[in-house]
Structure formats: C-alpha cells, structure tokens
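Sequences listed follow chains A and B, in order. Residue numbers for the first sequence follow my numbering, so the first one is 10 and each next one is one higher. Residue numbers for the second sequence follow my numbering, so the first one is 9 and each next one is one higher.
In case anyone wonders, no lab produced these hints; they're calculated from the structure. In this text, a Cβ means the ideal position worked out from N, Cα and C, and glycines have one as well. Be a bit skeptical, because a hint or two may be false.
As the list claims (entries may be wrong) - Pairs of lysine to any residue, SDA-like flavour, derived with a Cα cap of 20 Å: (1) A:Lys137 <-> B:Arg127; (2) A:Lys221 <-> A:Ile203; (3) B:Lys85 <-> B:Gln261; (4) A:Lys137 <-> A:Arg114; (5) B:Lys130 <-> A:Ala95; (6) B:Lys85 <-> B:Thr257; (7) B:Lys130 <-> A:Arg162; (8) A:Lys137 <-> B:Tyr262; (9) A:Lys137 <-> B:Ala65; (10) B:Lys130 <-> A:Pro31; (11) A:Lys137 <-> B:Ser66; (12) A:Lys137 <-> B:Lys130; (13) A:Lys221 <-> A:Lys137; (14) A:Lys137 <-> B:Ile58; (15) A:Lys221 <-> A:Ala95; (16) A:Lys221 <-> A:Leu295; (17) A:Lys70 <-> B:Ile58.
Said to hold, decoys possible - Now the in silico label distances, taken between C-beta atoms and shown as ranges: (18) B:Ala197 <-> A:Leu295: 38 to 46 Å; (19) A:Leu286 <-> B:Ile48: 31 to 39 Å; (20) B:Tyr161 <-> A:Trp83: 33 to 41 Å; (21) B:Thr158 <-> A:Trp83: 33 to 41 Å; (22) A:Ala60 <-> B:Ser163: 18 to 26 Å; (23) B:Ile48 <-> A:Asp56: 39 to 47 Å; (24) B:Leu73 <-> A:Arg162: 22 to 30 Å; (25) A:Ser196 <-> B:Tyr161: 37 to 45 Å.
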Amino acid sequence: MPVKATPAAHTSTGRLGWLVLPALLIFVAFAVIPLIGVFVLSFTSWDGIGAISFTGLTSWKAVLTDPGLPHALWVTFLVIVLSWIAQTPLSILLGVFISGSQRYRAVLAVLFFLPLLLSAAAVSIAYKALLDPNFGLGPGLNLGFLTQDWLGRGTLAMGVVIFIIAWQWIPFHSLIYQGAIRQIPVSMYEAAQIDGAGRVRQFFSITLPQLKNTMITSSTLMIVGSLTTFDLIFVLTQGGPNDATRVLALDMYLTGFRANQMGLASAIAVILVVVGLVLAQLLQRLGGKERNSQLEGA
Amino acid sequence: MATQTATPRSGSRVAGAPKNGTTERRNWLGGAFGWLWLLIVLVPIYWIVITSFKTSASYFGTNPLLPASTPTLENYKLVLENDFLRYFANSVIVTVGATVPAVLISFMAAFAIVRGAGRWLKAVNALFLMGLAIPLQATIIPIYLIIIRTGMYNSLGALILPSIAFAIPLTVLILANFVRDVPNELFEAMRMDGSSEWGTMWRLAFPLTRPALVTVTIYQGLQIWNGFLLPLILTDRADLRVLPLALWTFQGQYSVNIPAVLASVVLTTLPILALYVVGRRQLLSGLTAGFSK
Numbered sequence: 010m011p012v013k014a015t016p017a018a019h020t021s022t023g024r025l026g027w028l029v030l031p032a033l034l035i036f037v038a039f040a041v042i043p044l045i046g047v048f049v050l051s052f053t054s055w056d057g058i059g060a061i062s063f064t065g066l067t068s069w070k071a072v073l074t075d076p077g078l079p080h081a082l083w084v085t086f087l088v089i090v091l092s093w094i095a096q097t098p099l100s101i102l103l104g105v106f107i108s109g110s111q112r113y114r115a116v117l118a119v120l121f122f123l124p125l126l127l128s129a130a131a132v133s134i135a136y137k138a139l140l141d142p143n144f145g146l147g148p149g150l151n152l153g154f155l156t157q158d159w160l161g162r163g164t165l166a167m168g169v170v171i172f173i174i175a176w177q178w179i180p181f182h183s184l185i186y187q188g189a190i191r192q193i194p195v196s197m198y199e200a201a202q203i204d205g206a207g208r209v210r211q212f213f214s215i216t217l218p219q220l221k222n223t224m225i226t227s228s229t230l231m232i233v234g235s236l237t238t239f240d241l242i243f244v245l246t247q248g249g250p251n252d253a254t255r256v257l258a259l260d261m262y263l264t265g266f267r268a269n270q271m272g273l274a275s276a277i278a279v280i281l282v283v284v285g286l287v288l289a290q291l292l293q294r295l296g297g298k299e300r301n302s303q304l305e306g307a
Numbered sequence: 009m010a011t012q013t014a015t016p017r018s019g020s021r022v023a024g025a026p027k028n029g030t031t032e033r034r035n036w037l038g039g040a041f042g043w044l045w046l047l048i049v050l051v052p053i054y055w056i057v058i059t060s061f062k063t064s065a066s067y068f069g070t071n072p073l074l075p076a077s078t079p080t081l082e083n084y085k086l087v088l089e090n091d092f093l094r095y096f097a098n099s100v101i102v103t104v105g106a107t108v109p110a111v112l113i114s115f116m117a118a119f120a121i122v123r124g125a126g127r128w129l130k131a132v133n134a135l136f137l138m139g140l141a142i143p144l145q146a147t148i149i150p151i152y153l154i155i156i157r158t159g160m161y162n163s164l165g166a167l168i169l170p171s172i173a174f175a176i177p178l179t180v181l182i183l184a185n186f187v188r189d190v191p192n193e194l195f196e197a198m199r200m201d202g203s204s205e206w207g208t209m210w211r212l213a214f215p216l217t218r219p220a221l222v223t224v225t226i227y228q229g230l231q232i233w234n235g236f237l238l239p240l241i242l243t244d245r246a247d248l249r250v251l252p253l254a255l256w257t258f259q260g261q262y263s264v265n266i267p268a269v270l271a272s273v274v275l276t277t278l279p280i281l282a283l284y285v286v287g288r289r290q291l292l293s294g295l296t297a298g299f300s301k
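Here chain B stands alone, though its shape is the one from the complex (with noise of 0.2 Å):
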C-alpha cells in the first residue's frame, strides 16, 4: 500500500511505470525551480551572516559573496553592547505574554462553540470570522486613542493586549476545526465517567488537540516577535522597544555601518530560528494540515 501511495507523483523509484517519460519530464521541471528558488532563498541570507562577520573597511573592498578572510566579532559586540538584552526580553515578554493568554482563551472558546450549541454561541463564532477580515492597521488609531486614555502609553502591556485581540479569530478558527475532529464516542465516554465539561476539555480536547495548540502557538508568537507597528506607535521610550523596532532605530543610527546593522538582523533573527530547530517539524505539519482544512 505504501508504495503504492508514492507511485504517480514521484514514480522515477518505481520501475517500470508505465508513463516514465512523462514523470521524468515534469520532476526536471519541478526540480529545477526548486533548486533555483532555493538560491533565491539562501543566497541573501547567506550574505546577511558573512557580511555580519566582516569589518567596515573590507565590506566595501571585497567581494559580497565571499567570506570575510579574517572574520570579526566587533558588529555583534557592539550590537550587543547597545542594550539588545534588554529590547530581546521586551520582546520574550509581549511574544510569551500575549501568545499563551491567547490561544489559551482561543482554545476554551474553541471548545466551547464546537461542543456547545445555541445562538449566543453561534454568533460570537460569527463574530470571530467576522474578525479575521479586520486589519490591525485599520484600527491603529483608536487603539492608540485607547491606550492613551487608559494611561498605558510607554507599557509593554500597550503591546501585549492588542495583540492578544488580533491573535484570536484566526487561532480559534483552526483549534475549532482540530477539536471538531475529535470523534464524539470520546466525549460520551468522558460523560458516562462523570467528567465535567471542565474536565473534558482540559483532559480530553487539549492533548488530543496538541499538534494545531502547537502549531498556532508557533504561528501567532512568530506574528507577535516580529510586529513592528504596535511598538511603533503605542511605545516611543527607548527601554521599551522589542526588536524589529531596535533594529529600524539602529539602522537609523549606524547607517555607514552597513555589517553592523546585518549584524543585528542576525542577531534577532537567531532566537527564532533556534526555536525553528526544535519546532520545526511540528510547525511545518501543523501549517499545511491547519490552513488546507
């Protein structure tokens, strides 16, 4: 059977396949584009990492796609000594602080209008739907007008709030359709236990909806990581910037440096590319079964 499942899209291992040429023919295409589109992923940024090693002066003489012949730590010293710690925890703090609240809310909401039923339910799921075709920028301006009037200007909570909204309609709609998978016997059989729906969802529906939890955890702190536009006007306090936002002020201030800016785009790119090392399989299979439902 399993073989079987392979043979028409990537016949080449099958011998004798009936329509071989044809196979042959569309893998060169397929691989080809592949290959290049590989190039076109990986040669920038292949240049970010040598060039971030290299020092002004030999940025400007030598060539861009070779190595810097004696490499130089000094960009990411200075980038470092430039308060990265401390725009690199703002950052851990809104990305954890509003990711976890989010899809933790998303989930019982999800398990709520999958496993309730009534109006009230129905609309608020409509709602969320509805929600899903509202842009952030669109509603920047009375969220600044709130914030504002609150008094949580210049706070990492400014952040953390919005973006907790924001994360909801698209993490509710993908956990929705992970727990409606979960086949109803297994709910009655927690009934007939005496479980409470309490109970059921934290027992049942949570692991079994692990993967997406996963995967939307990734997605939405991935989202939530890189924004730019909440720092960018609910925050104009130098200790309170997250670091997409440091690396547009530095890259303001050291403009001539141009490894030392590279510097810092590795710098905060690195992190989530380490995450991306231990999550990725996850992530990758949670992404295609999420979004192709």
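Chain A extracted, bound-state conformation (with noise of 0.2 Å):
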C-alpha cells in the first residue's frame, strides 16, 4: 500500500506548476503539436518539399476507398491479436517460473533479457540471415523443417514476424509478471494448501485473479507495440511478400515517404491513432473502476 501524499501541504505545494513547465512545453511541441497537426495535414495535399495545399476531404476520400487500407487494417489486426496470443500464456508461464526463490532460475532470467538489448534492426538483420533459405540455418544443418523460404511466402512471413516479436519482447513481459506474482500475498497460497487446493487449482484461482491489472498493463503495452510495429517489419521484409506484412504504421510510411503523398498518409496516421485509442480505451475499461483511480494519481 502506498503511502500517499495528502495535499495537506497547501502552504508550498501550490507553487509547483512551474516544476511542470519545461517537460509540459517540449511534450506540446513535439507530441501534442505534432498529434493535431497530422489530423490538419489529413486535409492537405503535400509531397514532402513543396508548399501544402488545403484540400478539403481528398485524402480522406481517396484513403477511404483504397483498397489498401482494409488490407493494412487487417494486417495489423492479424499482428496485434496473433502476437497477443503467442506472448501472454508463454510470459505469464515464464513469470510463474522465474518468480521461484531458486537461484538458478535468476541466472535464467538475466538470459531471458539479452534480446531485448538488441535494435529490432538488429535482430531483423540476423534473422533475415538465419532463416535465409539457401545459406541459412536450416540448409546449412539439413533440417527440412527449418529450410523453406520464409520471407517469400505470405503466412511464412507472417509467422516470422509473430515469432522474432515473441523472441524480443516475452522476456519482458514475463519480468512484469514475476514482479507480479512476487507481490501476491504468501498467506492465500497457504490457506489454499490449507483447504487442499493443488498447484494447478492454486494457479487458477489464486495466481490468474491476482494478476488482472497486470495483464492489463501488459496486454496494452503489447498491443500498443504490435500497433506500432515498423523498424522490424521494415527491415525485414519492406511489407512483403505481396504485401502480407504492410502493416498500418509501414503503409503510412511507404504512402508518405516513399510515394510522396504526405496528405494520404497523414489520413493513415490519424486512424493509426484513433485504432490506439480505441484499444487504450477498451484495455482501461476491462481493467475497471480502481485502475482508473491508481492511474490517475494524485
């Protein structure tokens, strides 16, 4: 439980607003600003080094009716949900593991880290190698299984996207779970042994309840991620093949950077962030009242 700070202190603590001040001003202009300016840029019609020109609703229109923009949604759903799926059961079954008192078990988790250190940049260089159909790993030990061309084939691509997300971030998640776990109450796994409760029993009952919030927190940090997933897919297959992996925030890049149709991809960046707040949202309300309360603060 803790302690808060009850604002009894009036005599000094409302003259602190200015302590705010230069995190408020660089945060305003260069998250805040630049979050409306994508929704006036959506009216607009700009190649990138030109003058920008008011156009009303034609990007939204010609966005709207591009058939790859359904594409790309479902893409990104596919990344969102597939990883979701892949990462939670293992971490929280990680957590579980690593949140044992042994001392090897700490040894292991110090392992499980290493590749978050790595830039997705990096691990998608590696993995672009390793699983190189012709001088990769599989080839090169003889293991048909391991040998196929996993970029160049749609649902393969998928899956290695799905698996080096897992690889990089389970790790991660699997530490927030063992801080979790570590914080449940010893007494309700004695009382539960008590009334002869098993260990599966005791996971169901006791572990999975007490670890609500947490999935909360971690379901939307991955979700958040999927969303935003670019460096990797970006190096690893540019959106292919045939687009199977173009997801929303890489079709909003290609449409912008590369095409030079800044206006249609800020229309993709502004569904890229009404798709996050809708996510946000229904996280928060599956979390409930006292989530809301604890994040709100002071």
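Given two chains presented individually in distinct reference frames, assemble the corresponding complex, making use of the accompanying hints.
Below you can see the structure in the form of structure tokens.
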C-alpha cells in the first residue's frame, strides 16, 4: 500500500506548477502539436518538399476508398492478435517459473533479457540471414522444416514477424509478471494449501485472478507495441511479400516518404491514432474503476 | 519467516511439505519450458556471434552451429574501417543528450504532480497520461515538417528533441509512482528544517527515487539507442547516421558478406551489453517494480 501524499501542505505545494513547464513545453511541441498537426495535414496535399495546399476531404476519400486500407488494417489486426496470443500465455508461464526462489532461475532471467537489448534492426537483419533458404540455419544443418522460403511466402513471413516479436518481448512481459507474482500474499497460497487445492488449482484460482491488473498493463504495452511495429517489418520484409506484412505504420511510411503523398499518409496516421486510442480505452474498461483511479494518481 | 515465505512457490527444498507431489509436477512443467525458452533465446545469439568470426568462404561451407576452426577478425576490421566509431559517437550523443534531460525534467514534473495541488497540475498529469497512447509513428509527418521548417533537418538535435518528448509520459508515470511512496513525514521533517520545495525535491525525493531514476534512465536510453524511425526520417547524411540506421545501410552494402553484417550487429550491441552487465540487477528489479505497480 503506497503512502499517499495528502495535499495537506497547501502552504508551498500550490507554487509547484512551474516545475512541470520544461516537460510540458517539449511534450506539447513535439508530441501534442504534431498530433494535432497530423489531423490538419490529412486535409492537405503535400509532396514533402513543396508548398502545402488545403484540399479538403480529397485525401480522406482516396484513403477510405483504397483497398489498401482494409488490407493494412487486417494485417495490423493479425499482428496484434497473433502476437498477443503467442506472448501472453508464455509470458505468464515464464513469469511463474522465474518467480521461484532457486538461484538458477535468477540466472536464467538475466539471460532471458538479452533479446531486449538488441535493436529491431539488428534482430531483423540477423533473422533474415538465419532463415535464408539457401545459406541459413536450415540448409546448413540439413533440417527440412527450417529450409523454407520464410520471407518469400505471405503466411510464413507473418509467422516470422510474430515469432521475432515474441522472441524479443516475451522476456520483458515475463519480468512484469514475475514482479506481480512476487507481490501476491503468500497467505493466500497457504490457505489454499490447507483447503487441499493443488498447484494447478492454485494457479487458476489465485495466481491468474491476482494478475488481472498486470495482464491489462502487459496487454496494453503489447497491443500498442504491435500496433506500431515498424522497424522490424521495415527491415525484415519491407511489407512484402505481396503486402502480406504491410501493417498500418509501414503503409503510412511508404505512402508518405516513398510515394511522397503526405496528405494521404497523414490520413492513415490519424487512423493509426484512432485505432490506438480505441484499443487503449477498451483495455482500460476491462480494468474497471480501481485501476483508473490508480492511474490518475495524485 | 524467510523460509516460510519461500515455501508455497518453490516448495521442493522444504522437507515434508504436504503437497510435494504436485509441487514437483509444476516445477517440471515450468522448468522444461524455462530451459526450452533459454535455448530459443540463446541459439540465435550464439549463431550471430560465432558466424561473425567466420570468413565468407567458411560461412557457406561449414556447419552453422560450429565455431570457425580458424576465427578471423577481418569482419570486425571491415566494419570498424567503415566509420563505425562515428556512428557510435552519434548514437552516444543522441542517447545521452535525450535521456538525461528527459529523465530530469520528467522527475521535476513527477515531483510537482505528486506534491503539488490544483487543477493545473491535474490537467498536465492527465495530458501526460493521454500521451502514453500517442504513437510516435503517427506524429512523424508533422515532426518532419517542424524539423524541416525550423532548419533542424540533418542535425542530431532533430533526433534529440522528439526523443525527449516521447520519453516523458512513461517516465513521469513511473517516477510519480515512486515519489508517491516517499512517506509524508519525511517531507514534513524537511519543511520543519526550513527546506524549500526545490531543495526538498533534490535532497530528499531525488535520492529516495534513485532506483526508479536508474531504471527509467536505462529503459529510455535503450529505447533511444535502438531508435530507427526518427534517424531514418529526420536525417539523410551519412555522417549523421546512428548505429541502427548504419546497420541497415551496411546490410544493403554487404548483403553478400553475411559474417560482416553479423559482425556489425555484434558491434552495435556490444556497448549496450556492457551496460547491461554493469546495471542489470538494478534494471531487472526496477522494471519488475516499475511496471507491476
């Protein structure tokens, strides 16, 4: 139970407002204004260099009638859902495992963390070489199932993307779960043990329900993370093959900075924001009231 | 007490624990998966490292999981000769230049939000919390426009300023959680001693929040160090490349020389790995505490 700092000290605390100014100014300049700006830009036409001209709803009409948009939304949805399914159960399982007190588990946790240190660019480049159908690990070891054109076929490429996201991020989420599991009162397990509940029963009746808030935190990070996956896919597949991995964020980049249609790209970016906000709201709802009040803080 | 605490989740060491059978079964499942995951994590990393010491010729001919019979440093030499140190310096400037100010101003904001009162601070806090949901990708076009129009295109400052902005929401959230845990009595005691809020912030809250400060510094530092999108969009000069971008262009240039590409992967990861070895205890404990609150 954190000790709440009660605002009893009204004498001096009222004058603290200016302390937020540096953070506020830079945040407004490079996050809030761009957020408003992208909305404004979606009603313009701009090639990235020349003049910006207002063109009303033209960009929106073009984006909303382009079959590329539903496709990019679908691919993004797939990445979000599949990587959640791949990561959550395994992260909880690993979290339970490393929260045990044996020394070797702590050592493992240290090693599990390594993938997080690598940049998405480094990971993608390494996996590209590792999965090469001619010179990668599969042909080198003569393993048939590993010798496939991993990045040349749509479903396989999607599988690789999901795998690499999981490879890099499961360690992070299992650490979050480990922390939460350690905070579950031991007495709950003792009581369950006296009542004759086995390990599996204890897991489903105590551990999982107690992890509810953590699951929401972890899922939010996971979903926002997969929604904005860019570097990984950009370096790994450039959205290919045949746009099979062209997620929304990449679609926006290619439209804006490759096809030089910033108006269209801004409209896609607005859609990205809306999807993100809707998902974040949904997850907050799942968390219920207590969670909200905790997040709102002081 | 200590041994009791360990009982329910790792019971195997406790003699005569009543549910020993079930304990072992679960340990077996978790253990098997834990070790399997270790393999999944380490095999690619091991492969990257050993391959980076192979010659191009032996890369095509030998078992990929066996180290080179005659390891070579040629690949590393090639990468280092290709301006690696410049890219490294750029990465250090951007990472330190963004992380340190971001954490300091976020700490000031967190302190004010926890210790202060009033609508203004509540509104700012709400704005920062909303900021958690703003994806950098979605704002990149206006950021590009701002950077171009202010003449900052092709400068390291162009990478630093947006990086600070996007580090603020999460940093404020985590630091505020920790400042909130400082007992009010300590603040009262400082006030009794005649300390100003400014002094209280740096002499009381700052040291007491240290674990969280270290954690967010490492976390944001890692994010910025590995950042790819901002450098890709806000610079196009070779001498301003940061490591992830250099890696990507290097891969384009040397796509036939896989060992050299992997040596560049190792080199870009090495500095961060060294930091991890030094600060991992702090990072791991800080992360578990910071995110599970």
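### Message
Run the distance test for lysine 137 (chain A) versus tyrosine 262 (chain B): straight-line Cα separation, threshold 20 Å.
### Response
The given pair, whose Cα atoms are some 13 Å apart, holds under the 20 Å limit.
### Task
Mind checking the alpha carbons of lysine 130 (chain B) and arginine 162 (chain A) for me, to see if they're no more than 20 Å apart?
violated, 51 Å
### Task
Take the C-alpha atoms of lysine 137 (chain A) and lysine 130 (chain B), compute the straight-line distance between them, and say whether it is at most 20 Å.
Since the Cα atoms of lysine 137 (chain A) and lysine 130 (chain B) sit roughly 47 Å apart, the hinted pair is violated (cutoff 20 Å).
### Query
Measuring from beta carbon to beta carbon, are alanine 197 (chain B) and leucine 295 (chain A) in 38 to 46 Å?
Holds, since alanine 197 (chain B) and leucine 295 (chain A) (Cβ atoms, about 41 Å apart) stay within the stated range.
#### Entry: Verdict for alanine 60 (chain A), serine 163 (chain B) (Cβ pair) under range 18 to 26 Å
Since the Cβ atoms of alanine 60 (chain A) and serine 163 (chain B) sit about 24 Å apart, the hinted range of 18 to 26 Å holds.
### Query
Given the hint that lysine 137 (chain A) pairs with arginine 127 (chain B), does the C-alpha gap stay at or below 20 Å?
With a Cα-Cα distance of about 52 Å, the restraint between lysine 137 (chain A) and arginine 127 (chain B) is violated, given a limit of 20 Å.
### Outcome for the supplied range 31 to 39 Å, where the beta carbon pair is leucine 286 (chain A) and isoleucine 48 (chain B)
holds, 34 Å
### Query
Does lysine 221 (chain A) pair with lysine 137 (chain A) here, judged by a C-alpha cut-off of 20 Å?
Violated: lysine 221 (chain A) and lysine 137 (chain A) sit about 37 Å apart, past 20 Å.
### Query
Is the hinted pair lysine 137 (chain A) and isoleucine 58 (chain B) satisfied, with a Cα-Cα distance of at most 20 Å?
holds, 16 Å
### Query
Given the proposed pairing of lysine 221 (chain A) with leucine 295 (chain A), does the C-alpha separation stay at or below 20 Å?
Holds, at about 9 Å.
### Message
For a C-alpha distance cap of 20 Å, please report whether lysine 137 (chain A) and alanine 65 (chain B) respect it.
### Response
holds, 19 Å
### Query
Is it true that the C-beta distance of threonine 158 (chain B) to tryptophan 83 (chain A) lies inside 33 to 41 Å, as the hint says?
With Cβ atoms ~38 Å apart, the hint holds.
Checked against the numbered hints listed earlier, the structure breaks hints 1, 2, 4, 5, 7, 12, 13, 17 and 25; every other hint is satisfied.
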